[in-house]
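For this one, chain A is given, so just place chains H, Y, U and G with the ligands on it according to the hints.
Letter by letter, the chains look like this.
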Amino acid sequence: MDSNSIVLNVNGIEVIYNHVILVLKGVSLQVPEGGIVALLGGNGAGKTTTLRAISNLLRAERGEVTKGSIELRGERIENLSPAELVQRGVVQVMEGRHCFAHLSIEENLMTGSYTRRDKGEIAANLEKVYTYFPRLKTRRTSQAAYTSGGEQQMCAIGRALMTNPSIVLLDEPSMGLAPQIVDEVFHIVKDLNTKEKVTFLLAEQNTNMALKYADYGYIMESGRIVMDGNAHDLANNSDVKEFYLGVGGEGRKSFRDVKSYKRRKRWLA
Amino acid sequence: MTSRKTGDVILDVKNISLRFGGVKALTDISFNVREHEVRAIIGPNGAGKSSMLNCINGVYVPQEGSITFRGQTFSHMNSRQVAEMGVARTFQNLALFKGMSVIDNLMSGRNLKIKSNILLQALRWGPAEREEIRHREFVEKIIDFLEIQAWRKTPVGQLPYGLQKRVDLGRALAMEPQVLLLDEPMAGMNLEEKQDMSRFILEVNEEFGTTIVLIEHDMGVVMDISDRVVVLDYGKKIGDGAPHEVRDNEDVIRAYLGTAH
Amino acid sequence: MFYRENGQFKTSYQADQQIFPIRQDRIAMLVLLAVLFLLIPAFASDYLFRAILIPLVIMSLAALGVNILVGYCGQISLGSGAFMAVGAYGAYNFFVRVPDMPLIPAVILGGLCAMAFGILFGLPSLRVRGLYLAVATLAAQFFSDWMFLRIKWFTNDSPSGSVSVSHLQVFGFPLDTATARYLFCLALLVVVALLAKNLVRSAIGREWMAIRDMDVAAAVIGIRPMYAKLSAFAVSSFIIGMAGALWAFVHLGAWEPAAFSVEVSFKLLFMVIIGGLGSIMGSFFGAAFIVVLPIVLNQFLPWLFGLFGAQISTAGVSHAELMIFGALIVWFLIVEPHGLAKLWSTAKQKLRIWPFPH
Amino acid sequence: MAFFLETLFGGLMTGMLYALVALGFVLIFKASGVFNFAQGAMVLFAALAMARFAEWIPAWLGFDSKILANLLAFVVAALAMFVVAWLIERLVLRHLVNQEGATLLMATLGIAYFLDGLGQTIFGSNVYSIDIGMPKDPVFLLDTVFDGGVMINKEDLYAAAIAAALVALLTLFFQKTGTGRALRAVADDHQAAQSVGIPLARIWVIVWCVAGVVALVAGMIWGSKLGVQFSLTTVALRALPVVILGGLTSVPGAIIGGLIIGVGEKLSEVYIGPHVGGGIEIWFAYVLALVFLLFRPQGLFGEKIIDRV
Amino acid sequence: QDTQFIPLLSYRTGPYAPNGIPWANGKQDYIKLINERDGGVNGVKLSYEECEFGYATDRGVECYERLKGRPGVAIFDPQSTGVTFALTEKAPVDKIPLITVGYGLSISQDGSAFKWNFPFLGSYWTGADILIQHLGQELGGLDKLKGKKIALVYHDSPFGKEPIPLLQERAKLHGFDLQLLPVTAPGVEQKSTWLQVRQSRPDYVLLWGWGVMNSTALKEAQATGYARDKIYGVWWAGTEPDVRDVGAGAKGYKALALNGYGQDNKVIQEILTHVHGKGQGTGPRDEVGAVIYTRGVIIQMLTVEAIRTAQERFGKGKVMTAEQVRWGLENLNLTDERLRELGFESIIRPLQTTCQDHMGSTWARVHTWDGKQWGGMSDWYQADEEILTRLIKAGSDTYVAEKRLQRRDAADCES
Ligand SMILES: Nc1ncnc2c1ncn2[C@@H]1O[C@H](COP(=O)(O)OP(=O)(O)OP(=O)(O)O)[C@@H](O)[C@H]1O
Ligand SMILES: Nc1ncnc2c1ncn2[C@@H]1O[C@H](COP(=O)(O)OP(=O)(O)OP(=O)(O)O)[C@@H](O)[C@H]1O
Ligand SMILES: [Mg+2]
Ligand SMILES: [Mg+2]
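Protein chains in written order, with the numbering used here: chain A, 165 to 433; chain H, 5 to 265; chain Y, 40 to 397; chain U, 30 to 338; chain G, 30 to 444.
Hints were generated in silico from the structure; no laboratory data involved. C-beta atoms are modelled at their ideal positions from N, C-alpha and C, and glycine is treated no differently. Treat the hints loosely; a few may be bogus.
[Claimed, not checked] With a Cα cut of at most 27 Å, we get these calculated DSSO-like pairs of lysine-lysine:
hint : chain 1 : residue 1 : chain 2 : residue 2
1    : G       : K201      : Y       : K191
2    : H       : K102      : Y       : K236
3    : H       : K102      : H       : K145
4    : U       : K183      : G       : K201
5    : Y       : K191      : A       : K231
6    : G       : K173      : G       : K61
[As the list claims (entries may be wrong)] Covered stretches of chain A, as calculated for chain H (at least 3 residues, CB under 8 Å):
hint : stretch
7    : 308–319
8    : 327–341
Looking at chain A on its own, in the form it has when it is part of the complex (with noise of 0.2 Å):
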C-alpha cells in the first residue's frame, strides 16, 4: 500500500475490557485515502473493539487501548471525544444498529447533522438518505423503536451518513437486512466511494459480498490480524474460500451437508 496515503494507521494497538479483559493483542491495520478495506472474522475475533478503538467510543463500553497508537492523517487521535472525531469526518456505524429509541426516524436521521450548521446541506443530505433508502421515507414518523429490524438498520446507516463523512466504519452493515437491501447498502458504498470519496472500513461477516466491494482485506482471529491482502488475493485463497466463502474444493457446499466434519484453521496450529 503507497504509504503517504493512508488515511488510517492502526498501529499495534492493544485493548482491554474492565481492566482484566484483553481482547486485542497488538492490531495494526491501513486504511488508504478513497479506500474500501474489510475487516473479516468470526465472531468475537475483535472486529467491533478494532472500530470503536478508532472511533474512540470504547470509553463507553469501560475498555481502553493500553498500548501502539492510532492515526488520522498523521495526526494522534487516541484521545480525541468521538464527537471531535465526526468533526475531522470519521463516523461509525455502530453494531447491534442503537437507534434513538424514542426519536422518530426523521428525528433520528436529523440527529446526525448536528455537527452540520449549513441547513442546504443538511436538507440535501436528508434527502440523499431517502432517494437512498426510500423505505426509511415511508416511515419517517414512526418512533424508532417501532420499525422493524431492518428499517432501524438503514436508519442507523442513513444516520451516519448525515455527519457528511469522509470515513465510515461501518460495523456489520448487512446484518439483517434482506438480500435486496443488502446489495443496495453495498452499492451504496461503492457509490459514495466513488462519486464522494468516502473511505470505508468495514467489518463484515457477509465475506463474499464484503470482498467483492473491498480492494483490501485483513482477517481477525481472537484479537489478532492474521492474513491480509487484496481482496481478490484473499478471495482466492484456498483456507478463506473454505471457511469464509463456503466453496470448498468442490463448489458450494450445501447447508444441510455440512455436518459434524471440521478441518482446523491451519492458522490456529
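Only chains H, Y, U and G with the ligands this time, still in chain A's reference frame:
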C-alpha cells in the same frame, strides 16, 4: 429431506390481521405448519415476519383472525399458555437475560418444568436439589450440543454477538419445544457459524422431531434447509410453497430477492 | 498466588453448583464465620457492638431484602422504610398483645405483616415500571409514616405514638448483653442470607432476574410476570420486615415512626446500588459503606486534622464528612459502576491470574 | 363556595411552586436519562449562594441598594451554578458515560452529599433570608359575591407567574432548537449519540447549567417563602409526584402535574383530612400520582415506554 | 482520671441546625466558664466532647454509645425527642442519667418510675397547661374559654403529639373546642393547614412546631390573613431563628418562654467576660444571651449543680460517677438565693427536685415578638398540679405495668 416425515398440520394460522395505529403490519395472513417440518418465512424488511411470530406466541394480539394449535383454536393466548403448549422462540434483537450467566439463561428455559415450591427452593433440600440437578444435566446436554462449554458461567452480556445467538437458541431448546420459532438466527454470522447453526437446527429437527418456523434473510440457508416457504411483503402473503417454487415466483423476485439470485 | 481454581475438578453438578465452588473461597468463608461468631465477640467493645456491629448486621439484612427486589427482580423500591416499619410495628403488636410472646415468632410474624403490605404495594408493579414504580413505593412509605402516627391502635394507644419493648428473650435466654444481641442478629442474618442465596440460584431467582433483564422474553419462555414480581415483593418485604423488627426491638428498644422514615428507604436503596445490584455479598458491602463509613470519617477526620496541628469544629467535621462521603461514592462508581461486589470479584479475577497482568 | 375557591387557588399556586422544582428534574432526566437526586441539594446551594451574596456584596462594595444587591447576588449565584455544572461534568458524568440509570442515580446522590457539605461549609447552616420584595399579605377578590371575599396570596401569584414564564421559555428551547433533539438523543443512548458527533460534554454542561439556573429560581422563590435553610432540600420530595405524574421527560408535564398534585393534595387535606385525623396530603399526592400512572404508566405527557422484542 | 466528662450531643448541620447551633454553643460556653472562672467544680475540671448527629436518631444513638464509656462521664442531654425515646431504654442499663430540659417524655417527671430521666423545668404538658391558663387570663377567667375554639397546629411527631392529652383534658374541663391540625415534618408546606384555619376561624392557634415549621407557619398565617397575635407557640417555637426570617410579619406572635434571656443577666455577662473576652467563645458574640443559647447555658448549669450536689454527699473535689450525678440531679435545690449567686435569678425560677419529682419547677412565662425582637414578658405561671398529677400517674402506671417495673421505694430513693 431424508429420514424425516412431515406429519399433519400442527399450527394453522388463519386470516390474521394486525395493525398498529395506521401501520398495517399484517393483512389477512393464512398459512399452516406441519409437524416435523422446517417452515421458512421470508420477506423484505418490515414485511411483518417478526410480527407474525409475535402473534403466534402471544406477544401481540392480532385484531382479526385465529390460530389453531394442535386442534385448539385461539384468537389470542397469553405467552404463558403458548409456552406451556410447547412453543419456544428466539428473538431477532437478542432478548437474553444479560445479567445472568449462560447456564442460568438456559436453566430459565426449564422453569416451566420445575415443580418444587418456593420454600423447598429456599432450603434447597432433597427433592429440590435433585430436581435442580436433573435440569442442570439436561441443560448441560444442550451446552455440549451447542458447543458453548467454555462460556458456561460467563454473563451473556459479555459474549460476542454470535455466541449470544447460540445461547438464545439454547434457551429455546431448553424448553423442549414441539414448535420452535426462530427469528433470524443467523444474522451477523459468518459462513462457518451459519453452517454450525444450520447443523444445530437440522439436528434438532431430525433428532427430536421439533417443528421449526424460521425467519431468515440468507437465501442460501433458506433454500437449503427449509421444506416450505411463506413469503410476506408489506404485511401481505405473496407466495407459499417449496423453496424452488418460491425462488422462481415473479412477485417474490421483484419484492424480495432482487435480480442477483 | 495461591488463589487458583485449576486443579480443582468438579465431578458432579452438585459440587459445581455449590455457593463457593472454589476451595479457597470456602476456607475463607469458614474463617470469616469463625471470626464473626467467635473472635469478634471475644474482643469487641460494647461501643463496637451497639453502635456499629448490631446496626450493620441488621442493615445488611434489610439491604439483602432490598437487593432481592431491586437487584434481582429489577423493581426499584423506595418503600423499604415502610416495610421495615410494618415489620417493626407488626412484631410490636404481636409482642405486646399476645402474652409471653417470644422474640423469634414475633419477628417472623412482623416479617409476615410486612410481606402482606409489600404484596399490596407491589401490585402496581404489574403495570408501572422503573422510576415510575419508585413513586408507588414512596406512596407506601408516606402512607406508613402517616398510618403509624395517626392510627393509635398500632402503637398500643400510646399518646405520643412512640413505643418501646423490653424483656427480650430467645429460647428462654434473655437478650440483654450487646454480645447476645449481636450474635442473635448475626445468626439470623446468616440463616436468611443462606436461604436467600438458595432462592436466587434456584428457579425462582432465575425468574426474578429474567423479569429484570427482559420481561417480554421472560413471558415468552413461560414466566408469569405477576407471580415473579409479587413473589419478589413478598420475599423481599418479608426479609426487610424482619430487619425492621430487629432494628426496633434489638437496636433501638424504643422508637417512633420517624425511625423508619423515607431517609431509611433511600439509604437502603443506596446500599444495594453501591454494594452491587444482584449480589448477596454486595448487600453487605453496601451496608458497611453506608453505615460505617460516615462514623469512621467522623472520628478519623479530627485525628487527621490534628496531625497537621489544625483544629476543626464538629460542624466542620460533619460538613467535611458529607463532602468526602459524596466524593467517595462518586469515585467508587467511576472505578466500578456495578458496585463494590463487582470490584471485589474483579480483584479476585486479577488475583487468579496473578502475576500476569491479563 | 368561597372557601372551595380559595383551596382551589391555593392548590394551583402551590402546584406551580412544585412545578418549579420539578422542572429541574425533568431537564436533567430529559438530557441524560439521569434521575437527578441532587436537585434538592442544588436548590439549597443556589438559594444559599443567593442569600449570602445578597448580604456580602453590599458589604464588600459598600452600597446599600437592595435591588442592586439582589441583582448582583443573582448573577453571582448563577455563575456559581455554572461552575458547579462544569465541575459535575468534568469530574463525574464524563466518567460514567453509557452506564445504567441506577449507577448515575447513585452518582447524583454523591453529588448531593457533596453539595450539602460544601454549601454549608461556605455559606453556613443558619436560616438566611432572601428578600426580593415579594408581597406577603393576601388580597381579597370578589368580596361583593362572597362574604369575606376570596383570599388570594400575591406572593404565590407572582411565583406562579415566574414559574409559568420559565416553563414557556424552556418548552420553546426544547421544541424549536436542534439542541432539544440532541438532548433527547443523549437520553436514549449515550454511545450512539457520541457516535453521530453529539458532544456529550457540552450538552451536559449546558443542561446542568440550565438546571442550575432553574434551581436558583426555585431556590429564590422558595427561599423567599420559607427562609433559606437546610429543609429546602425536602421540597424536592414534594415535587417528586409532580414529575412522575407529568412524565419524567415533559416540561409542560411538570406544570400540569404540578397543578393536579397541588389541587389534589390541598382539596384532600381540607375535605378528607379532618375525617381521618389529618396530615394526609403528602401520601395523598403520591397515591394520586399512582392512580394516574395506573392508567398511563409513563405519566401524563411522558414519552411512551418502549416495550418491544 | 481527674476530670468530669460531659458529652455534648449536638446538631450543627441538617434541618434543625439553625436552632441547634446556638443551643450547642451555650452548652459549651458554660462549661468553659466554669473551668475558666472557677477552675472546675470544687477543683474538678470539666472536660467535654461534642458529637454531631444532625438530628438523626440513629446517629445520636451512635454518639451516645461512643461517649458513654468515657471516664468520668456524668450525664447525657439527648437534644432531641427521638434520641430521648431511644435512650430512655438504654440509660437504666448503662446507669447514666438523661437530662431533658423542656422536652422529652412528659410522664418521665415521675421519678419513681423513671429513675434516670430528668425533664427539668417543664414538659409539654406543663407548657400546654400554662398556655391555656394564659389564654384564660387574657379573656378574664378560665370560664370564658367556654365555647371558644382553639386549634393546635403541631409537628406530626411524638414531640408535637405530646400536649394533646393535656389539651383534651383542659378542653373537657373548660368546654372549649379543640381542633387538631397535624403538619407533616419538617413542615415546609402548610398551605392546607392554614386554609383550614381560615375556614374554621379558631379564636386561638397553638403552635407546636420545631425548626422551619415555625417560620413557615407564621408566614402562612400572614398569607392567609390569620392574626398573628392570636397565635401562641410552645417554647421551642419562641426563639430567634423561629421568627427572625419572618420579621415584621410575625409581629404580635406570642410564645412560651421557659427561661429568661438577654445579655443583661449576670451569668451571660460573665460568659462574655471570661469566655468570649478571652477569645474562647464557641459562637459569635452577639448570639450570647439569645433565647435558645441561654437554654443551653441553663442545661449546663443544672448539670454542674448536680455534680456539685453529688460532691456534697460523695466527696468534694472528686470525680463523680454517673450514678452519683444522678443522685445529685434528684436532690437539687436551687433556691432564689442560689440562683442569684449563679447569676440566673431572672432566667429561671427556683427549682427543687426529689425522688418523686424529677422536674423541679413547672413555671414558665409568655413573651411576644414585636417584629424585631422578643420581649413583653408576662408574669410567671405555674402548671396546674392537680391536672398534671392525674395524667402523669395514669401514664406512668401504664408504663410501669408494661415494663414490669417496680416503683422505686424509699430505700431506692436514698441510693
Ligand atoms: N464491553 C465489553 N466488556 C467485556 N468484554 C467485551 C466487551 N465487548 C466485547 N468484549 C469481548 O471482546 C471480544 C471481542 O469482541 P468484539 O465485539 O470486538 O468481536 P467482533 O469481532 O465484533 O464479533 P462479532 O462478529 O460477534 O460482532 C469478545 O470476546 C467479547 O466477549
Ligand atoms: N409494536 C409496534 N408498534 C408499531 N409498529 C410496529 C410494531 N411492531 C412492528 N411494527 C411495524 O410493523 C411492520 C412489520 O414489522 P416486523 O418487525 O414484523 O418486520 P419484519 O418483517 O420482521 O422485518 P425485518 O426483516 O426488518 O426484521 C414494520 O413496519 C414495523 O415498523
Ligand atoms: Mg462485532
Ligand atoms: Mg424482524
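Evaluated hints:
A C-alpha spacing of about 20 Å is found between K201(G) and K191(Y), which places the hinted pair at or below 27 Å, so the restraint holds. Taken as a hint, the K102(H) and K236(Y) pair is honoured in the structure, with Cα atoms around 20 Å apart against an allowance of 27 Å. At roughly 22 Å between alpha-carbon atoms, K102(H) and K145(H) fall within 27 Å of each other, so this suggested pair holds. With a C-alpha separation of about 40 Å, the suggested pairing of K183(U) with K201(G) is violated against the 27 Å cut-off.
With a C-alpha separation of about 69 Å, the suggested pair K191(Y) and K231(A) falls outside the 27 Å cut-off, and the hint is violated. Taking the CA atoms of K173(G) and K61(G), the gap is about 49 Å. The hint is violated against a cut of 27 Å. Closer than 8 Å: that is the beta-carbon criterion, and the stretch 308–319 of chain A has 8 residues meeting it against chain H, so the requirement of 3 holds. For a cut-off of 8 Å, the count of residues in the stretch 327–341 of chain A with a CB near a CB of chain H stands at 4, and the three-residue condition holds.
In summary, the numbered hints that this structure violates are 4, 5, 6.
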